[in-house]
Amino acid sequence: MAHQPDASTRFGLPWRFPRIGRASVQQVARREPAGPLQWRDRVHSRLVVCAALFAFWTAGIEARLVYLQVVNHADLTARAERQQTRTVVPPAKRGEIFDRHGRLLAYSVDADTIAADPSEIEDPDSVATSICNVLDGCTTDRRADMAKKLRRRGAFVYVARQVSPAEARKVKDLSLPGITLLKESRRYYPKAELASHVLGYVGLDNVGLGGIESAYDSQIRGKDGKVLIQTDAKRHALFSRVERPATAGADIELTIDQYLQYIAERELRAGVAENHAAGGTAMIMDPGTGEILALANWPTFNPNAFTRADDDARRNRAIQDLYEPGSTFKIVTASAALENHVITPETPIETSPGFITFGPRIIHDTHQYGLLSFTDVIVKSSNVGAIKVGLRLGPQLLGQYVDRFGFGQTLAPDFRGETPGIVWSPDRLDASALASVSMGYQVGVTPLQMATAVSSIANGGHLIEPRVVRAILKDGKRAEVAHKVLRNTISSETAATLTTIMEQVVERGTAKAAQIPGYTIAGKTGTAAKLVNGRYQKSDYNASFVGFIPSRKPALTILVVIDSPHGNGYTGGAVSAPVFKRIAEAALTYLGIGPTLNAPPPVLIARHDATDAPPPITRTSTRSIVAAAEPATSGLMPDLRGLSARDALRVLSRIGLTARMNGDGFVISQAPEPGAVLVSGDTCDLRLGRRPPVGLDAGGAQE
Amino acid sequence: MTAMDFEYAIKKDVRNNPIVREVDEARQRQLWRSMVIGLFLVVVLLFSAWQHFELLRHGYQIERMQQERAAEEDVNRHLRLEIETLRAPRRIEKIATEQLHLVAPSREQAIVIERVTPAAPPEKSVVAAR
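The listed protein sequences correspond, in order, to chains A and B. Per this note's numbering, the first sequence runs over residues 1 to 703. Per this note's numbering, the second sequence runs over residues 1 to 130.
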């Protein structure tokens, strides 16, 4: 048999196939007597071991996965979210505060705050120095404080809050590691000191700390939002999802008139300066509605930098300070006496010998007046006369009227921290105390209470709740604060009698300095020695004057209280009455209230085109002072543009039209157009806006 | 078989050019189908990748625009604040009196203008006839 080359030889391969034939199998069988398939068992066992290891491995992985995805699910999800998402809280915009004509008084803008992550800062001192160098007015102490903060352990510290945009830009340019800039809402008062005591101020954490800002904080503050931002590996914002939008706070419309407020502040400041006084209060009120048109205090402060002002400057004297009103309180005594017919204006009262005694106590008049009518007792401000009237009234009756006029109780819900005042119980009033109360001593009142009481005489005997908030604007809706009559104090007849007496106080009495030619003014002066440490001072007085003008159709109640004047006298007539006069003059001119005595003929301007089609509205239009009455022509559509919604409705109802209104505030446009021929039962579409259209100041039509 | 025969068997020039391999139609169709499906999957993959990257790009763009909008609104608020600051009565009076040397009008100089109520309007018919 020829040699048969095996396949490896045939194909020239370097290795050889095992020669498996009967002989070789026999040889294997001889070497491994246990069995020919023994290797299979060995491989099988190895495979089993490998499979077991593989199973352990997979089981380990599965266990780990279960641990991570089930047991640790919540924790890891939270960690992933922390890494991949950022939560930003957009601060709610604090509501704005306007005056009664929509002029802005308080506003919020975003300001930059410098914050730091101390763990990322290696050299706190050098970082603090760098930041301090770019901040205005950074002192050594402040720098040391900054460095101390940066040395703290923790992930976050404020370095400087609410810095100016220029300062923030400089800090950003420094590119300091670990230093970041955050946005925070900051409150600004663009008119600075104007109405600062009414507005109050807001702290760094956007919380109102005084005035309206504090009293209406829950409504003005709004609600912060929440935005989830998905970030990439470099922490750049990729997507954002608004979880909860920031809700802006409500806007507040005050009864304050910016210009009247400015006048009151200016004249009060001048009055305090020229009398070398310690301070003062001036207030203008609408006696018919109880709306406070101006409320000024001196000293005052800038709410933009309220931390630099002391407590004395921040105190709202008009509602927080008590003073003994002195003779202005004789109005209450007179009201009680006249209302109860205890006395008439003509009743003679003997004031001789110019003083009255209560045991060891002697109360003097400034002059010996002799026999006076009750009118003259008030006009000349006789203490003895007022005491005698008070004694005739008795403590119960006088106490009842003190209470009716709102003394000894808080009146204004718009102010926090209002002092109720000090009023003695009638049961505790002996003759001496009754005498004191009759002439305005031994009672503590606030200027607000006194102005409110005198307003009730001006309006015919209604004590109206004094308000400083006129309306609250939220979500485009304006909720007007209703006027509230607290109670009737006196009858209208008594009010008229008292007004006549008070007119004579200005005409020929102690308040001649308050006279304004052409106007009738009803008022009363007051001079009260200040009580310090239980003793009445001989050099410090509260000089006050309160009155209303024009007295027969009162538009304004004005109160002026000057604290401790040391210049041109110390009496209310010499110190406060001139301030009253200056405020009243400017206010009357501003409000366009014409003289009531010997009035010059009014300048009448008739609209040229009263019966023609209305002229096109231009910025130079004089329609604000020249206007047609409603309706311009019967059968034609009146011009309602510029009227308030209420007035427009009144006009439309009078001419038998129905209105369909869109919006709030003043009429901006109307359909049918002014001058269009009317059809009975027609509907008028009114588009309203918060401000009257340019060139139309409240009234294309007038009532 | 000797080595020569084996070598011959390997080196034998086999001419099988004339042999034409028959096209397998079924396999061809399957191949095309597979290619179309593969192409479709690739297109889907590319489309989804494009979508993803577009989404990312637009996400960045939206965020940037939102930041720009917020910055503009911030500027707007600052400008409004500046306007209101410039409108402060005290500042205006200071400019009026000190720079422009204006004086407040006295009571005699101020004229109260009263509005006029026109006479009774004509009848509607008269107006309509006009």
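Just so you know, these hints were derived from the structure itself, not from any lab. Note that this is a predicted model, so its numbers are computed, not measured. Where hints are given, some of them may not hold.
[What the hints assert, rightly or not] Derived EDC-like pairs (lysine to aspartate or glutamate); straight-line CA-CA distance at most 16 Å:
no.	chain 1	residue 1	chain 2	residue 2
1	A	LYS93	B	GLU73
2	A	LYS93	A	ASP224
3	A	LYS93	A	ASP475
4	A	LYS183	B	GLU68
5	A	LYS226	A	GLU243
6	A	LYS223	A	ASP205
7	A	LYS388	A	ASP321
8	A	LYS234	B	GLU73
9	A	LYS148	A	GLU122
10	A	LYS149	A	GLU167
11	A	LYS183	A	GLU122
12	A	LYS183	A	ASP205
13	A	LYS93	B	ASP74
14	A	LYS380	A	GLU493
15	A	LYS183	B	GLU72
16	A	LYS183	B	ASP74
17	A	LYS149	A	ASP117
18	A	LYS183	B	GLU54
19	A	LYS474	A	ASP664
20	A	LYS170	A	ASP145
21	A	LYS553	A	ASP475
Against the structure, the hints:
no. : hint                : in the structure
1   : A:LYS93 - B:GLU73   : holds, 12 Å
2   : A:LYS93 - A:ASP224  : holds, 8 Å
3   : A:LYS93 - A:ASP475  : holds, 13 Å
4   : A:LYS183 - B:GLU68  : holds, 15 Å
5   : A:LYS226 - A:GLU243 : holds, 5 Å
6   : A:LYS223 - A:ASP205 : holds, 13 Å
7   : A:LYS388 - A:ASP321 : violated, 29 Å
8   : A:LYS234 - B:GLU73  : violated, 27 Å
9   : A:LYS148 - A:GLU122 : holds, 13 Å
10  : A:LYS149 - A:GLU167 : violated, 19 Å
11  : A:LYS183 - A:GLU122 : violated, 25 Å
12  : A:LYS183 - A:ASP205 : holds, 12 Å
13  : A:LYS93 - B:ASP74   : holds, 12 Å
14  : A:LYS380 - A:GLU493 : violated, 23 Å
15  : A:LYS183 - B:GLU72  : holds, 14 Å
16  : A:LYS183 - B:ASP74  : holds, 11 Å
17  : A:LYS149 - A:ASP117 : holds, 10 Å
18  : A:LYS183 - B:GLU54  : violated, 31 Å
19  : A:LYS474 - A:ASP664 : holds, 12 Å
20  : A:LYS170 - A:ASP145 : violated, 20 Å
21  : A:LYS553 - A:ASP475 : violated, 38 Å
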